[in-house]
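Enquirer: Sequence:
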Amino acid sequence: MDEVEVIGSELTGTTEVSFPSLELLRFVSMPIWEVWSTNNVVVFPCLQEIHIEKCPKLIDVSLEAVPSLRVLQIDRCGDGVLRSLVRGASSITILKISYISGLTYEVWRGVINYLRAVEEVRIYGCHEIRYFWESEVEASKVLVNLKKLNLGNCSNLVSLGEKEEDNFGSNHPSSLRILEISYCNSMENCHCPNSIENLRISGCSSLTCVSFPTTTGGGQNLKNLDIQNCDKLMENINNTSMPMLETLLILNWTNLKSVVHLSNFLHLTNLYILHCPSIESFPDLQLSNLTNLKIEDCQKMESFPDLRVSNLTSLSVKNCPILDVSFPHGNWPPKLVFLRMGGLKKPITEWGPQNYPTSLVNLQLYGEHVSDFSQLSNLLPSSLTRLYIKEFDKLESLSIGLHHLTSLERLYIYECPKMKHLPKTLLPSLLGLFIGRCRNLKGRCNGRGSHYWPLISHIPCIDIH
0 MDEVEVIGSE LTGTTEVSFP SLELLRFVSM PIWEVWSTNN VVVFPCLQEI
50 HIEKCPKLID VSLEAVPSLR VLQIDRCGDG VLRSLVRGAS SITILKISYI
100 SGLTYEVWRG VINYLRAVEE VRIYGCHEIR YFWESEVEAS KVLVNLKKLN
150 LGNCSNLVSL GEKEEDNFGS NHPSSLRILE ISYCNSMENC HCPNSIENLR
200 ISGCSSLTCV SFPTTTGGGQ NLKNLDIQNC DKLMENINNT SMPMLETLLI
250 LNWTNLKSVV HLSNFLHLTN LYILHCPSIE SFPDLQLSNL TNLKIEDCQK
300 MESFPDLRVS NLTSLSVKNC PILDVSFPHG NWPPKLVFLR MGGLKKPITE
350 WGPQNYPTSL VNLQLYGEHV SDFSQLSNLL PSSLTRLYIK EFDKLESLSI
400 GLHHLTSLER LYIYECPKMK HLPKTLLPSL LGLFIGRCRN LKGRCNGRGS
450 HYWPLISHIP CIDIH
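In terms of numbering that gives the first Met the number 0, the sequence shown has 189 at position 190, counting the first letter as 1, and numbering is strictly consecutive.
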């Protein structure tokens, strides 16, 4: 199709419906295609999806109304294609556009008037657009069904609205539930409608403020908040209470120094704080609904919270070198199933006896400096079904310390360069053995004829690399 310049009646006919059952139509990589016309004939009565990709010269599109069209996807084309198609496809519910040349804010304002039925919009790599809507009030009159908005890699996008109103919300309910913004490096402020339930912002290097309407109890519907790699973002998000928040993920938020408001999130079930170098302390948590907690790579964090979290099932605390983790009398959350620990101020071998709950079946240990695994034996509960050890740079032997793990099904050994020895008798319960980047052990376990092959060959799943 590289030589096609015009698609018209020679393909679609002039009278009868040429494609009565066609549901998906896709044009890809037609570099000199300029005109598409159906000559005022209804050609695609059942068409549900149109995809046009890499057709940079296509300008003139005269397509008869397509009332059944639901999905419109345009990639690497001019703005004329978008403007022409939305006029005859007012029924689309999903619009995905990327790298559209000429898509300025003025052009987009014209397009948006035809999107009354749209439920999902994704705009990626459109570098000329500066705003998504004039104002939330105006958008609520046109985008009446919009539920999901994804904006990515739009380098000149300044904010969602050209005019931003702090009092928007109560008088103008919005249908928008999911807002995702990524790598929009000119965006400094993100003013979110109060209807948002899921908010994800990543890689917006100039972003300093995320806000909700303050006059209507901003953020009261937010359930999931995910903030990643926003270097300039200030600590608070409009001092919003976010009472319904269920999941909070913070990754590479370099300016974040405190998370004192966490205890206000009564519905919080998942909390992840990763690569936040400025956080120094953590509040005591009285979050009765919290089930997953992950704190990793926080170099300045010194104190760990008093965990009054009776429903916690998964806990990961890793690579926080000055963090002193301690649990009163070795008592852990009673429903704990998964535990990952390592790279902390006090080595795990110095913790002393631990009163693990019988529910703990998955244990991952990182970065201990022991040469013999027997030093860790008293820290391994007999309830374990999975044991994962990684980055034990001095560990040479597993010959002692596993015998009491009678329920162990999977054993993972990674990045233990000095490891040479396995137990003379591996546990009969073992169903999987996984060894990676252990150069000494690999040669002794790898295939028939190797030293340990008679010992491990009965295990159903073996992965050594």
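Since the hints were derived computationally from the structure, they do not count as laboratory data.
Everything numeric in this text was worked out from a predicted model, so none of it was measured.
There could be a bad hint or two in this list.
Label-pair restraints from in silico Cβ distances [as the list claims (entries may be wrong)]:
{"id": "1", "residue 1": "100", "residue 2": "243", "range": "34 to 44 Å"}
{"id": "2", "residue 1": "305", "residue 2": "116", "range": "47 to 57 Å"}
{"id": "3", "residue 1": "126", "residue 2": "387", "range": "22 to 32 Å"}
{"id": "4", "residue 1": "351", "residue 2": "95", "range": "22 to 32 Å"}
{"id": "5", "residue 1": "116", "residue 2": "430", "range": "48 to 58 Å"}
{"id": "6", "residue 1": "23", "residue 2": "305", "range": "42 to 52 Å"}
{"id": "7", "residue 1": "288", "residue 2": "387", "range": "50 to 60 Å"}
{"id": "8", "residue 1": "403", "residue 2": "243", "range": "30 to 40 Å"}
We put the CB at the ideal spot given by N, CA and C, even for glycine.
Enquirer: So which of the earlier hints does this model not fit?
Expert: 3, 4, 6, 7, 8
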